[in-house]
Amino acid sequence: MSDEQAVLYGVVLAGGTGTRLWPLSRAGHPKFLHPLTGTEASLLQATVDRLDTLASPDRVFVVTGVAHAAAVSRQLAAMPEENVLIEPSPRDSCAAIALAAAVIARRDPEAIMGSFASDHLIADKEAFAAVIRHAMTGASQGLLMTLGITPTRPETGYGYLQCGAAVGDGPLVKVEEFKEKPTYDVAESYVKSGNYLWNAGMFVWRVDAFLAELHRQQPQLAAGVSRIASAWGTADQEEVMGDVWPTLPKISVDYAVMEGAAAVGRVGTVPGDFGWNDVGDFHTLGEVLTADQSGNVVVGHDTGAERPTVLLRETEGLVVVPSSGRLVAAMGVRDLVIVDTPDAVLVCPRERAQEVKQLVDHLKELGQHGYI
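Under my numbering, residues -17 to 354 are what the sequence shown spells out, in order.
If you're looking for bench data, these hints aren't it; they were derived computationally from the structure. Beta carbons: idealized from backbone N, C-alpha and C, even for Gly. It is possible that some hints are incorrect.
As the list claims (entries may be wrong) - Taking lysine to any residue pairs in the SDA-like style, the calculated list, with each CA pair at most 25 Å apart, reads:
(1) K174 x A194
(2) K161 x A245
(3) K163 x A99
(4) K339 x N278
(5) K174 x E158
(6) K174 x K232
(7) K346 x R332
(8) K232 x G257
(9) K161 x S71
(10) K339 x S71
(11) K107 x S122
(12) K163 x G139
(13) K161 x V173
(14) K339 x I104
(15) K107 x D260
(16) K161 x A148
To be verified - Across the chosen pairs, the derived CB separations fall in these ranges:
(17) T35 x P70: 32 to 40 Å
(18) A213 x R334: 28 to 36 Å
(19) A213 x E162: 53 to 61 Å
Model the full assembly from the supplied sequences, consistent with the hints where possible.
Here it is in structure tokens:
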């Protein structure tokens, strides 16, 4: 491993329940623990695996909630158990990333860290690693680097990065502004201009540069995380964490740090084209995984099983998730999502897969938390 590669600390954020993938993804077993990659690896395992040429296992950290810490440790046996940083409660991405940055800074004050979501699919691991190495160059210069994805369509579900001037002679450019999720017409104009990238929520920076910017913009959060980090690894760790964590502002890192840093010229990006997908819903999952001749996708289907779990006849464009052990049979239908779990079945048109979250919200209103 070269010196350049050895300095990356990987941080994987394993939070959220993935409500648009209900009823497969639940609060107790969220989507990042599921094998939705087309292989036996879970999304979390695939995320950690793709860092293996960039960071050694002892330099990979996962930030997760109390409920999932044991499952995360089980799935990532090669990673030291103390590298699982446990949040007492969800405080959004800024607190999670800041905690990891502060813990890493105690170990190596000049470390470069990369922050990655645990539930993204990336097709080209080598291209991904090359983009991270370019981003590390920008990070070593003190820039807060965000990975931009070259847009392939006018997508209204993502935020965008407005690109500015080039930095040096490589692929690095400054980010002038973070743009919210746009309307379709605005998204179309962004893509046509060639000056905007999708904001994938992946970051690379020197921990000292990030913590300084956090202190400038979010002094309360910075002070709280500093208190927690100073007690890390001591007998007081749990007590300090329990006292301080609930007082931290609940805010995303984009709002808390990156937008303000971009406004003063401290954010850079590297365009990435490595087959990125955030697997937001079942329709997207159907587009990413291998389909049969009729466009049907069966998720997690074991073709070697003695008893079939799926029987399809005259169907087209289905996404079927058999996870109850029962046979799922469908005939004469098209463009549907069918998810079968032991206690809940979902059937909806693929084009409405984004709306599945509303069913979860409705279950909450009904007080049916056992299904969530």
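Hints versus structure:
no.	hint	verdict
1	K174 x A194	36 Å, violated
2	K161 x A245	12 Å, holds
3	K163 x A99	19 Å, holds
4	K339 x N278	23 Å, holds
5	K174 x E158	18 Å, holds
6	K174 x K232	35 Å, violated
7	K346 x R332	23 Å, holds
8	K232 x G257	31 Å, violated
9	K161 x S71	28 Å, violated
10	K339 x S71	21 Å, holds
11	K107 x S122	22 Å, holds
12	K163 x G139	6 Å, holds
13	K161 x V173	13 Å, holds
14	K339 x I104	24 Å, holds
15	K107 x D260	15 Å, holds
16	K161 x A148	19 Å, holds
17	T35 x P70: 32 to 40 Å	33 Å, holds
18	A213 x R334: 28 to 36 Å	48 Å, violated
19	A213 x E162: 53 to 61 Å	37 Å, violated
Violated hints, in rising order: 1, 6, 8, 9, 18, 19; the structure is consistent with all others.
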